[in-house]
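Sequence order for the protein chains is H and Y.
Oh and the first sequence: position 40 is 40 in this note's numbering, straight run, nothing missing.
Oh and the second sequence: position 120 is 120 in this note's numbering, straight run, nothing missing.
If you are wondering where the hints come from, they were derived from the structure by calculation, not from laboratory data.
Heads up, none of these hints are tricks.
Chain H regions said to be covered by chain Y (calculated; three or more residues, Cβ under 8 angstroms): (1) 53-65; (2) 86-92.
Computed Cβ-Cβ distance ranges for the label pairs, DEER-style: (3) Y/Arg257 <-> H/Leu60: 47 to 53 angstroms; (4) Y/Ala330 <-> H/Ala14: 55 to 61 angstroms; (5) Y/Gly56 <-> H/Val43: 29 to 35 angstroms; (6) H/Val48 <-> Y/Asp369: 55 to 61 angstroms.
A short list of chain Y residues far from chain H (calculated; beta carbon distances all over 10 angstroms): (7) Pro216; (8) Asp220; (9) Asp432; (10) Gly448; (11) Asp449.
Fair warning: this is a prediction, and the values are worked out from it, not measured in the lab.
We put the CB at the ideal spot given by N, CA and C, even for glycine.
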Amino acid sequence: MSGRITRDEAAHVARLARLRFSDEELDELAAQLSAVLDHAADVEALDVTDIAPTSHPHPLVNVTRADEVRPSLDRDEVLAQAPSVDDGQFRVPPILGEAP
Amino acid sequence: MSPAVPGREPAVPEDWELVVGLEVHVELSTATKLFCGCANRFGDEPNTNVCPVCLGLPGSLPVANAAAVDFAMRLGRALGCEVRGAVFARKNYFYPDMPKDYQISQYDQPTNTDGRLELPDGHTVGIERAHIEEDTGKTTHIGGGGRIHDADYALVDYNRAGVPLVEIVSRPDIRTAEQARAYVRELRAILLAIGVSDARMEEGSMRVDANVSVRPAGADELRTRCEIKNLSSLRALGRAIVYEAQRHVDLWCGGERPRQETRHWDEANGRTTPGRSKEDADDYRYFQDPDLVPLAPAAETVAAIDAALPPLPAARRADLAADGGGAVSAEDAALLVERGQDGLVRAAMAAGADPGVAATRVANDLAVDDWSPVTPEGLAALVAMETSGRLTATQSKQVLAEMAEGGGFPDAIAERRGFQAMARDDLAAVVDQVISENAEAWSRFCGGDEVERKKLAGFLTGQVMRATRGQADGAAVNRLLGERAGS
Chain H
1 MSGRITRDEA
11 AHVARLARLR
21 FSDEELDELA
31 AQLSAVLDHA
41 ADVEALDVTD
51 IAPTSHPHPL
61 VNVTRADEVR
71 PSLDRDEVLA
81 QAPSVDDGQF
91 RVPPILGEAP
Chain Y
1 MSPAVPGREP
11 AVPEDWELVV
21 GLEVHVELST
31 ATKLFCGCAN
41 RFGDEPNTNV
51 CPVCLGLPGS
61 LPVANAAAVD
71 FAMRLGRALG
81 CEVRGAVFAR
91 KNYFYPDMPK
101 DYQISQYDQP
111 TNTDGRLELP
121 DGHTVGIERA
131 HIEEDTGKTT
141 HIGGGGRIHD
151 ADYALVDYNR
161 AGVPLVEIVS
171 RPDIRTAEQA
181 RAYVRELRAI
191 LLAIGVSDAR
201 MEEGSMRVDA
211 NVSVRPAGAD
221 ELRTRCEIKN
231 LSSLRALGRA
241 IVYEAQRHVD
251 LWCGGERPRQ
261 ETRHWDEANG
271 RTTPGRSKED
281 ADDYRYFQDP
291 DLVPLAPAAE
301 TVAAIDAALP
311 PLPAARRADL
321 AADGGGAVSA
331 EDAALLVERG
341 QDGLVRAAMA
351 AGADPGVAAT
361 RVANDLAVDD
371 WSPVTPEGLA
381 ALVAMETSGR
391 LTATQSKQVL
401 AEMAEGGGFP
411 DAIAERRGFQ
421 AMARDDLAAV
431 VDQVISENAE
441 AWSRFCGGDE
451 VERKKLAGFL
461 TGQVMRATRG
471 QADGAAVNRL
481 LGERAGS
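Using the sequences and the hints, build the whole thing.
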């Protein structure tokens, strides 16, 4: 392993993903993530001078739909799947801070 | 005429310079959302315009709305941007306003880049980018006296989640609070002219964030900026910029430095308060959305958009000024174009109306949502009645108001209301009558200084107005009073 990812970086990514790990787990994940990056870095060995950057595996662009209204879901059906509902809306725990 | 707002005074002391960039979010007025066929409609019952795509249900797939893409490119071209191939990216964060836990936006390859917006005063503000993204749902915090941090719980309505937005990011080229307001007004006028948004700040279909910093006058550097949110009116925008700039100057002068952070404008207390610190929150791990393919507008597509663009506000102001032959004030021209009344006024001018009077009468007295009953011919006839002295300015305003309500042609309205300008001799007789009935006021008028004279002129004119039941022309009364006082 090459140490591309430190334990602190692994901890940072875990925090952003709202995941909690022990120090041992973070070390293990840092090594695994580094290996994944090493694998991706193999591409650097290739000469890609004449290859355009690929943003998508499909050779498609401009896939759009017409601006026509289609039926939405039934609200009762939608809300029936929520753990908590109030006044036609999803009820969620108090949120700390404002939206990003 | 610009709205009465504070902030015309310099925001910072003379040896400092204000540096402002604006980020404006605009909801596009498409029929459906950006990536699904749910209706894009403000004010519906909560969670009635939702489907698996905008609820982020597993297995659902987004497909871009052709009209939203077209509207965004139209706006880009109206702002002089380069329209390029673009890629949708996921902005990852956890907050219940987006059920997918990411917002689909554009990141390193936005649809529009490198444009400019010219303000009515000639100052040009650069546009860094104008990218497409989806709006978020609406969260309402319940309990805790409405304060986010003390709330007991929150309710979420996803009707707005997925509504198409364009975020227009300016360069930090704005130097005064007035320019910031002018920028938003001009952007709004452009949005209305090209028909891509109703751009209502009060309904949230146009939302403005301001990046504010200061620097010593003459410096080139960009110092630490704060992003001000919660600016729901032009007035709030101006006040917040002035407040924040002064706060920065005070900090620098006291040997401190502002912290880079998001701050909230507190309208009630007239100040900004700290929000989230930028350093730890802005890690959105953008990556290209694998569910969406790139946008690659053909050159012909962009050319067709250019060809179909209507005349833009700057050109319309210039046309109005040219037709008016210098008689239309810049303020009136800006306001008329902003309200879309320049066509009516120009047509009235073509029908023979005095340009200055026509522009001023409409700018000042036709501030209504629907003025369609007012025809160019009717307006020209009204202006002619006013300039020939058949109607006083006050009467003319009343007649115009009735015309806007579908009252018909101005001469018929004036006759119905019994409006007729008084013959000069009749008016002179009333003035003499008022002078003799108010001898003491009259002598004080004749012998008073300028202030006294002005006060008493108001009183005497009021008496004449009462005696004529408002049919006298105020300016004519003033002239007669002056003549009789021998000056």
